[in-house]
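Chemist: One letter stands for each residue in the lines below.
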Amino acid sequence: MDLSLTTRQEGNHTVVVVGGEIDVYTAPKLREQLIELVSGGSYHLVVDMEGVEFLDSTGLGVLVGGLKRVRAHEGSLRLVCTQERILKIFRITGLTKVFPIHSSIEEALAASE
Amino acid sequence: MPTVELRFAALNGHVRTARMIATAVSRRAGIPAGAADEIKLAVTEACARAVRVNRRHAPDSPVHVALVDTPDTFTITVADCGRPGDEVAPGPDGGLVTASTLLDLEPEAADPPWWSDTSDDDSAEDSAGFPPGLGLALIEGLVDEVEISRGPDGVGTVVAMTWHTGVEAAPYKTAR
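Residue numbers (the numbering used here), protein chains in the order written: chain L, 1 to 113; chain C, 114 to 289.
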């Protein structure tokens, strides 16, 4: 199972829908996507993790890197995730304190208003 | 004797190979889905760490993984060929300290945690993807028992991870 990435614009937000496995092998693809978006002036990102089947610490590092980049432009990076096995990883690493985590894209967009 | 043993070249792509094998073995052992997810992630972190360590110090040496399934436990050991101190710092008494002391994730930590670093220098993130020790911290959060020790002859590090499964009737066991 590889990583799939699609992006779309919702107002002034860019929604990144991630699917598949984010691991040490595929994380560079996600990192490049986030760098490209920020370089292109997208500073408000919503990353939809609902289709993610596997996430490791490399993937967490890429998300943190993305957050640092958007923050440098006073932007935001919100996550959409309801999967318990993924949420658990954010809890163990203390990252629930760093990322706003929402149960739907609509909720993430509303919270960002 | 391990249930399944695996040696693989220190390449990131093979971390996935190890993960698939661990998943298959845990499934065959009748381990419930929740614990199987933990096993999958923990073995990934341990193998990714071992690959980094070997690539730094012994790129031609393989990573060694052993999976042992018993009626009450499921144990995975991952051994690298690095030097002492690679992502597992030697403690004051010369012994090994574990990840929780390397990575203080408590809110009252004196130094700001790694993720609050707002400096422009993200070279560490770009090279490794995360600070050293995060993988081990994840392992400690996922595994029932973690033991980190030096390898035989003092070479490398062995990360031993044990889950108390207590699976009473895995299908292949009752079939005997």
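Since the hints were derived computationally from the structure, they do not count as laboratory data.
From a predicted model like this one, the values you see are computed outputs, not experimental measurements.
Heads up, the beta-carbon is just placed ideally off N, CA and C, and yes, glycines get one too.
Don't take every hint at face value.
[To be verified] Partial list, computed: chain C residues near chain L (C-beta under 7 Å):
(1) Arg129
(2) Met133
(3) Asp150
[Claimed, not checked] The calculated DSS-like cross-link candidates involving lysine-lysine, where the alpha carbons are at most 25 Å apart (straight line), are:
(4) Lys88/L / Lys153/C
(5) Lys68/L / Lys153/C
(6) Lys88/L / Lys68/L
Chemist: Each hint needs a verdict: does it hold in this structure or not?
Modeler: Going through the hints against the structure:
1. Arg129: Nearest chain L Cβ about 6 Å off; hint holds.
2. Met133: violated (10 Å)
3. Asp150: holds (5 Å)
4. Lys88/L / Lys153/C: Holds: Lys88/L and Lys153/C sit about 14 Å apart, inside 25 Å.
5. Lys68/L / Lys153/C: violated (28 Å)
6. Lys88/L / Lys68/L: holds (22 Å)
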